[in-house]
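The whole structure should be built from the sequences, with the hints applied where relevant.
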Amino acid sequence: MNILIAIIVLIVLYICLNKIYRKYWNRGLNVELSFDTSVLTEGEMGHITEIISNDNFLPIPALWIKFGVERALIFKDIDNVTMSDKCYKNDIFSILLYQRITKKLTFTASKRGYYNVNRIDVVASDLMLSDSLVTSVPCDTTLIVYPRLTDYKDIEIPFNRIMGEVISKRRIYADPFEFSRIRPYMQGDNPKDINWKATSKTGVFQTNVHEYTSGQEIIFLFNPDSDRLLKDEDLTEEGIRIIATLSTLFTAQRINVSFYTNAHDILSGQPSSAKPGYGKSHCEEIYRTLARLDLDADREEFVPFASKLLANRILNEESAIVLVSSAKDAKTCEFFDSLHTGNNSSAFWILPLRSRDLTDSIPKSDRILHWEVKL
Numbered sequence: 218m219n220i221l222i223a224i225i226v227l228i229v230l231y232i233c234l235n236k237i238y239r240k241y242w243n244r245g246l247n248v249e250l251s252f253d254t255s256v257l258t259e260g261e262m263g264h265i266t267e268i269i270s271n272d273n274f275l276p277i278p279a280l281w282i283k284f285g286v287e288r289a290l291i292f293k294d295i296d297n298v299t300m301s302d303k304c305y306k307n308d309i310f311s312i313l314l315y316q317r318i319t320k321k322l323t324f325t326a327s328k329r330g331y332y333n334v335n336r337i338d339v340v341a342s343d344l345m346l347s348d349s350l351v352t353s354v355p356c357d358t359t360l361i362v363y364p365r366l367t368d369y370k371d372i373e374i375p376f377n378r379i380m381g382e383v384i385s386k387r388r389i390y391a392d393p394f395e396f397s398r399i400r401p402y403m404q405g406d407n408p409k410d411i412n413w414k415a416t417s418k419t420g421v422f423q424t425n426v427h428e429y430t431s432g433q434e435i436i437f438l439f440n441p442d443s444d445r446l447l448k449d450e451d452l453t454e455e456g457i458r459i460i461a462t463l464s465t466l467f468t469a470q471r472i473n474v475s476f477y478t479n480a481h482d483i484l485s486g487q488p489s490s491a492k493p494g495y496g497k498s499h500c501e502e503i504y505r506t507l508a509r510l511d512l513d514a515d516r517e518e519f520v521p522f523a524s525k526l527l528a529n530r531i532l533n534e535e536s537a538i539v540l541v542s543s544a545k546d547a548k549t550c551e552f553f554d555s556l557h558t559g560n561n562s563s564a565f566w567i568l569p570l571r572s573r574d575l576t577d578s579i580p581k582s583d584r585i586l587h588w589e590v591k592l
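Counting from 218, one number per residue, gives the positions in the sequence shown under our numbering.
Derived Cβ-Cβ restraints for the label pairs, each shown as a range:
#: 1; residue 1: N377; residue 2: S555; range: 18 to 28 angstroms
#: 2; residue 1: D368; residue 2: L314; range: 49 to 59 angstroms
#: 3; residue 1: R530; residue 2: S270; range: 49 to 59 angstroms
Think of the hints as simulated: they come from the structure by calculation, not from any bench. Bear in mind the structure is a predicted one, so any value in this text is a computation, not a measurement. Glycine included, every Cβ here is placed at the ideal spot set by N, Cα and C.
Here it is, written out as structure tokens:
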């Protein structure tokens with residue numbers, strides 16, 4: 218009889234606990250996940266922080282936290298990692314009542330891109346480990362991975378080749394938005410530049426002196442299309458790194474840099490671009506633009522896209538167009554010939570290639586710069 222009563226009590230207790238857990242298990246349970254930084258450069262290490270807090274009177278003996286990221290983020294600890302369309306991390310915790318757990322996950326950003334975690338799947342067990350309780354937690358944490366820069370010794374020849382030509386056509390203009398210093402007013406200075414506050418303090422006319430900028434613009438045209446039977450992603454990504462590196466060098470020389478491509482921005486879904494500009498902040502904008510390129514989305518072919526783009530632009534003799542394209546098909550060659558002969562600007566083609574591609578059949582010109590990719 219006593220045994221029967223004990224069994225009945227246990228059954229009732231189990232049913233009650235099961236109902237309590239089903240109703241209250243996730244009250245006060247908070248799961249947070251975030252990248253420790255919003256920006257990394259390709260090849261750098263980063264961290265994801267998981268924070269689980271249980272402000273509840275119910276302990277959870279087994280709690281699974283699962284989320285997915287792109288495969289290009291490679292975790293240092295591969296335990297509980299499943300690879301499929303994404304890289305899925307599935308960690309298990311045991312958390313007591315009113316306890317907080319923090320865990321850091323280390324990863325390497327192996328590829329430039331825009332990474333987002335928008336959902337965390339949570340699976341908990343009841344006290345008897347007999348039932349699974351499931352929910353999803355919204356999450357909004359993002360990481361932008363900039364393309365890494367190439368070594369200067371590798372980029373020096375293309376940079377000097379392009380820079381040498383643009384310098385020969387260079388004209389210098391005062392930049393009204395870049396302040397340099399204040400000095401006494403001299404004959405020939407623009408009266409609009411008089412600094413009246415400084416003049417009133419000194420009793421002598423003082424004038425603002427501005428930094429100088431070039432009227433030139435380097436226009437990068439990036440062709441992500443492939444003319445190969447099997448697409449060579451390394452060539453495309455190297456082209457992106459070349460643009461990032463040259464943009465850094467040209468903007469440091471106070472030369473305006475713009476960027477256009479038929480590849481879409483992963484957020485807007487529109488062809489990606491960066492308007493002309495220079496300086497550190499503009500260079501960051503170029504990096505972000507390159508990081509967010511979605512090379513898998515459907516897009517218009519490059520040559521028709523770029524032809525329409527340039528038809529709507531006025532190119533002056535100080536501009537330089539730099540085509541970065543690993544595709545070397547007839548359409549691309551004809552397009553480059555039209556760039557070189559059809560406007561007043563200078564035109565160069567940086568052509569990423571494999572060593573096996575260095576044959577007599579590749580396009581050759583003093584304005585086509587071959588870039589051997591050794592990845």
